[in-house]
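Colleague: The residues making up each chain are set out below.
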Amino acid sequence: MADDSLPRRRFLLRASTAVAAGLTPAVPLAQTKPAAPASGTASSEPESFLVLTSGEAAFFSAVADSMIPADELSPSGTDCGVVTFIDRQLASAWGGGAKMYRGGPFRKARPEYGYQLSLTPKEFFSAGIVAANAWTRKTMGKDFDALAPQDRINALKALEDGRAQLTGISGKQLFEALLDIVMEGFFADPMYGGNKDKVAWKMVGFPGLPALYKNLIVQFRGKKYDVDPKSIADFS
Amino acid sequence: MATKLKEVDAVMVGMGWTGSIMARELTKAGLTVVGLERGGDIKPSEHFAMPAVRDELRFSRRLELIQDPAMETLTFRHRPSESALPMRRFGSFLPGDGVGGAGNHWGGHTWRYLPTDHATRSHIVQRYGAKAIPADMPIQDWAMSYDELEPYYDKFEKLCGVAGKAGNLRGRKIDGGNVFEGPRQSEFPTPPLEQNLSGLMFAETARELGYHPFPRPSSNCSRPYTNIEGLTLGACQLCGYCDRNGCEANAKAGPHVCVLPRLREDARFEMRTRSWVSRLVYDKAAKKVAGVVYTDTRSGEEYEQPAGIVVLSAYVFGNVSLLLHSGIGEQYDPATQRGTVGKNYCYQLSRMGVTMFFEDRNFNPFMGAPGTQMVIDDFDADNFDHGSLGFLGGAIITCGHGDGRPISYRPTPAGTPRWGSAWKKATARWYQHALNISLSGSNYANRHNYLDLDPTYKDQLGRPLLRMTYNFVDNDYKLSEYCMSKAVQIAKTMKPTILGEPRLRRGDYDIVPYQSTHNTGGTIQGTDPKSSVVNRYLQAWDAHNLFIMGASTFPQQVAYNPTGPLGAMTYWSSEAIVNRYLRSPGPLVHA
Numbered sequence: 001m002a003d004d005s006l007p008r009r010r011f012l013l014r015a016s017t018a019v020a021a022g023l024t025p026a027v028p029l030a031q032t033k034p035a036a037p038a039s040g041t042a043s044s045e046p047e048s049f050l051v052l053t054s055g056e057a058a059f060f061s062a063v064a065d066s067m068i069p070a071d072e073l074s075p076s077g078t079d080c081g082v083v084t085f086i087d088r089q090l091a092s093a094w095g096g097g098a099k100m101y102r103g104g105p106f107r108k109a110r111p112e113y114g115y116q117l118s119l120t121p122k123e124f125f126s127a128g129i130v131a132a133n134a135w136t137r138k139t140m141g142k143d144f145d146a147l148a149p150q151d152r153i154n155a156l157k158a159l160e161d162g163r164a165q166l167t168g169i170s171g172k173q174l175f176e177a178l179l180d181i182v183m184e185g186f187f188a189d190p191m192y193g194g195n196k197d198k199v200a201w202k203m204v205g206f207p208g209l210p211a212l213y214k215n216l217i218v219q220f221r222g223k224k225y226d227v228d229p230k231s232i233a234d235f236s
Numbered sequence: 237m238a239t240k241l242k243e244v245d246a247v248m249v250g251m252g253w254t255g256s257i258m259a260r261e262l263t264k265a266g267l268t269v270v271g272l273e274r275g276g277d278i279k280p281s282e283h284f285a286m287p288a289v290r291d292e293l294r295f296s297r298r299l300e301l302i303q304d305p306a307m308e309t310l311t312f313r314h315r316p317s318e319s320a321l322p323m324r325r326f327g328s329f330l331p332g333d334g335v336g337g338a339g340n341h342w343g344g345h346t347w348r349y350l351p352t353d354h355a356t357r358s359h360i361v362q363r364y365g366a367k368a369i370p371a372d373m374p375i376q377d378w379a380m381s382y383d384e385l386e387p388y389y390d391k392f393e394k395l396c397g398v399a400g401k402a403g404n405l406r407g408r409k410i411d412g413g414n415v416f417e418g419p420r421q422s423e424f425p426t427p428p429l430e431q432n433l434s435g436l437m438f439a440e441t442a443r444e445l446g447y448h449p450f451p452r453p454s455s456n457c458s459r460p461y462t463n464i465e466g467l468t469l470g471a472c473q474l475c476g477y478c479d480r481n482g483c484e485a486n487a488k489a490g491p492h493v494c495v496l497p498r499l500r501e502d503a504r505f506e507m508r509t510r511s512w513v514s515r516l517v518y519d520k521a522a523k524k525v526a527g528v529v530y531t532d533t534r535s536g537e538e539y540e541q542p543a544g545i546v547v548l549s550a551y552v553f554g555n556v557s558l559l560l561h562s563g564i565g566e567q568y569d570p571a572t573q574r575g576t577v578g579k580n581y582c583y584q585l586s587r588m589g590v591t592m593f594f595e596d597r598n599f600n601p602f603m604g605a606p607g608t609q610m611v612i613d614d615f616d617a618d619n620f621d622h623g624s625l626g627f628l629g630g631a632i633i634t635c636g637h638g639d640g641r642p643i644s645y646r647p648t649p650a651g652t653p654r655w656g657s658a659w660k661k662a663t664a665r666w667y668q669h670a671l672n673i674s675l676s677g678s679n680y681a682n683r684h685n686y687l688d689l690d691p692t693y694k695d696q697l698g699r700p701l702l703r704m705t706y707n708f709v710d711n712d713y714k715l716s717e718y719c720m721s722k723a724v725q726i727a728k729t730m731k732p733t734i735l736g737e738p739r740l741r742r743g744d745y746d747i748v749p750y751q752s753t754h755n756t757g758g759t760i761q762g763t764d765p766k767s768s769v770v771n772r773y774l775q776a777w778d779a780h781n782l783f784i785m786g787a788s789t790f791p792q793q794v795a796y797n798p799t800g801p802l803g804a805m806t807y808w809s810s811e812a813i814v815n816r817y818l819r820s821p822g823p824l825v826h827a
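Protein chains in written order, with my numbering: chain V, 1 to 236; chain A, 237 to 827.
Treat the hints as calculated values from the structure; they're not laboratory data.
One thing to keep in mind: the hints can contain errors.
Claimed, not checked - No farther apart than 27 Å at their CA atoms in a straight line, the calculated lysine-lysine pairs in the DSSO-like style are these: (1) A:Lys766 <-> A:Lys367; (2) A:Lys279 <-> V:Lys230; (3) A:Lys394 <-> V:Lys172; (4) V:Lys224 <-> A:Lys661; (5) A:Lys661 <-> V:Lys196; (6) A:Lys728 <-> V:Lys224; (7) V:Lys142 <-> V:Lys108; (8) A:Lys264 <-> V:Lys223; (9) A:Lys242 <-> A:Lys523; (10) A:Lys279 <-> V:Lys99; (11) V:Lys108 <-> A:Lys694; (12) A:Lys242 <-> A:Lys520; (13) A:Lys520 <-> V:Lys214; (14) V:Lys157 <-> A:Lys391; (15) V:Lys172 <-> V:Lys157; (16) A:Lys367 <-> V:Lys214; (17) V:Lys142 <-> V:Lys157; (18) A:Lys728 <-> A:Lys714; (19) A:Lys523 <-> A:Lys766; (20) A:Lys409 <-> A:Lys394; (21) V:Lys202 <-> V:Lys224; (22) V:Lys198 <-> A:Lys661; (23) A:Lys279 <-> V:Lys214; (24) A:Lys661 <-> V:Lys223; (25) A:Lys264 <-> A:Lys242; (26) A:Lys401 <-> A:Lys391; (27) V:Lys172 <-> V:Lys138; (28) A:Lys661 <-> V:Lys230; (29) V:Lys138 <-> V:Lys122; (30) V:Lys202 <-> A:Lys661; (31) A:Lys264 <-> A:Lys524; (32) V:Lys157 <-> V:Lys108; (33) V:Lys202 <-> V:Lys214; (34) A:Lys694 <-> V:Lys99; (35) A:Lys728 <-> V:Lys223; (36) A:Lys731 <-> V:Lys224; (37) V:Lys122 <-> A:Lys520.
To be verified - A few chain V positions that, by computed beta-carbon distances, are all more than 10 Å from chain A: (38) Gln116; (39) Ala158; (40) Arg221.
Note that CB positions come from ideal geometry on N, CA and C, so glycine has one too.
With the hints as constraints, model all of the structure from the sequences given.
Modeller: Right, here's the structure in full:
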């Protein structure tokens with residue numbers, strides 16, 4: 001964390017630009033200034049989302065940038081398209097609860113029994129964001145996205161460790177869902193909106209497509225297979 | 237009121253591996269056969285085409301090819317004293333969906349069970365005495381021996397073009413193959429796949445330690461292969477996207493590649509998709525089934541399909557629940573140990589392993605297939621002396637790469653945060669350099685692990701969901717400890733830069749993370765109707781024209797993947813139907 005002061009300054013600058021543009025509804029600002037479209041800001045966010053509210057987008061953006069901070073390895077989660085990815089996923093059949101058994105009755109259960117709520121992923125995140133923001137307002141005075149970067153990290157750690165007592169929803173469960181969807185957005189094929197320019201694949205050295213290694217496995221045995229990754233769109 | 241259709245000679249309930257093979261063998265014998273499949277059809281050239289098939293999110297995470305739990309799932313609890321809850325998403329195991337079934341998205345591991353696996357109880361009694369088997373472990377022998385099934389294992393391997401190396405050719409032990417396997421009449425149809433550095437490193441160390449490493453037998457064809465149906469499989473491209481996914485190269489064996497093109501050409505066969513069988517029509521007095529009732533999910537219409545022979549060829553859970561929905565057989569009761577349907581539900585001990593990091597080795601974890609693994613069988617089954625160990629069964633210990641898809645595969649050393657800058661650095665640092673030794677352990681039956689119907693939750697047809705009562709027991713934990721100690725010994729000898737903590741099988745069963753789609757039992761085979769559901773020809777004791785295929789007939793589960801015996805037994809059973817049952821319909825075994 002000590003060697004990324006320059007990216008950190010850029011990140012803070014971008015975050016504050018977003019607040020000024022009304023993209024990030026810090027409570028006092030939101031009361032005094034109506035939300036404006038995000039165009040013209042330094043952010044590469046799309047102007048509109050399929051299903052996310054501006055507050056939800058700001059929350060996811062703050063989470064994505066905390067989990068995937070900009071540094072020498074990649075741009076920030078938001079700049080990699082993670083929030084776009086999340087918006088599209090929550091608008092998809094999966095976000096609407098497809099491939100999930102939703103019959104009642106519903107009962108609280110130990111984690112080994114798996115997800116036991118009636119909420120779809122989209123509903124779960126909506127409820128989780130309301131609860132998480134209420135908790136950060138109570139404990140830190142602000143919505144999550146309005147917190148300073150280190151406070152966001154502390155808040156996420158409290159959720160991850162199960163220390164954050166959210167009202168009506170499990171903070172730990174919310175954290176795990178957030179981590180899952182952020183990592184999916186970072187590493188999935190770019191056609192879903194994240195992993196912009198295949199940055200995540202470049203970061204680890206995953207070649208993507210076409211993945212035809214029959215004639216390469218022996219040649220590159222023990223040697224780094226260093227290629228510019230290709231995605232589905234590159235072959236479409 | 238169901239519309240009654242014209243009678244056919246045979247109907248298959250489910251068109252995965254076993255339904256496809258059985259339908260093929262019966263139509264070849266001249267029977268008219270209808271294949272009923274709840275899901276849709278699949279056209280590999282469209283559904284598994286490049287570039288769309290290379291999509292980790294769609295197939296591995298959103299489970300494109302997996303059964304929809306909204307239609308039908310099961311409920312789960314750890315012990316009979318608890319209320320069960322529905323498995324709202326599949327996780328621990330992933331049943332298939334549509335024509336081809338799990339044969340579309342499997343990894344291709346194709347084993348023959350060991351001769352001692354076919355005689356589990358009698359072998360243990362012979363070697364260690366009857367007291368070695370705990371009272372709450374109702375393990376049984378299979379109803380046919382390895383030697384009896386050998387020609388059918390051989391046939392299934394030649395259907396799939398399995399890649400591998402023989403370790404026992406007609407009794408001659410061959411170094412480099414699995415020297416513990418039963419005698420085989422022929423070498424594998426295609427040679428083993430090329431290994432990654434990881435498999436070679438593991439094998440070298442295992443050999444130094446006196447073990448017997450061999451390439452994992454796998455239906456990922458290593459070269460183009462024309463199978464016993466005259467159909468040609470392609471060569472595996474080692475794409476790293478195999479499991480949970482289809483194969484664009486037609487190199488992974490499956491019903492679509494290996495059987496269905498022939499079956500579809502045959503005018504005696506008719507495929508009906510979106511046809512969801514709700515129950516069998518059972519005549520208890522006559523000990524026969526008259527046919528099946530199904531709902532066409534495109535129209536909501538209900539049909540009765542009369543048939544001379546009914547074959548249950550669904551997944552394990554579908555086979556068991558259809559017997560219970562149809563009132564066939566007696567539900568197993570763990571309190572009295574009476575009844576047979578639902579008995580001996582078993583699973584497998586997975587998610588066990590140890591991760592190593594080698595700073596100066598590049599593994600290219602994205603190159604490979606499920607078959608690019610080396611295995612040792614030295615601590616599997618009864619290949620080692622259990623005399624003083626306090627448990628029965630064992631595990632295969634495996635190593636290799638072939639699924640380095642980065643949403644799911646991102647190993648980092650212990651203590652690394654799961655997000656943030658430090659996580660990014662560690663992920664970038666170690667992705668190419670991590671190596672995992674994995675264990676898959678047998679899971680012997682326990683009297684308290686079983687399947688029945690849930691009193692509360694229903695499927696989309698309004699039928700009760702199947703209820704799984706399951707947990708790990710002492711035998712499992714001890715097996716895990718012992719076999720892991722052997723894996724750790726190998727790992728230490730490999731001298732990694734960082735050696736991870738062993739992941740042991742501890743605590744209660746967790747239904748969320750993927751473990752294996754190797755659920756077994758519930759309609760088990762045996763020699764006595766009091767302790768089994770089907771006889772040695774997989775014919776139901778309670779209905780002589782009902783045959784039940786697949787892993788639901790396994791009396792307990794071994795460390796291997798189940799598809800080999802499941803395919804072999806379908807050929808074995810089909811031969812008994814064609815050569816004996818058709819000539820003289822009635823019980824093939826008299827109890």
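Colleague: Which earlier hints turn out false for this structure, listed by number in ascending order?
Modeller: Going through the list in order, the structure violates hints 3, 7, 8, 13, 14, 16, 37, 38, 40 and respects the others.
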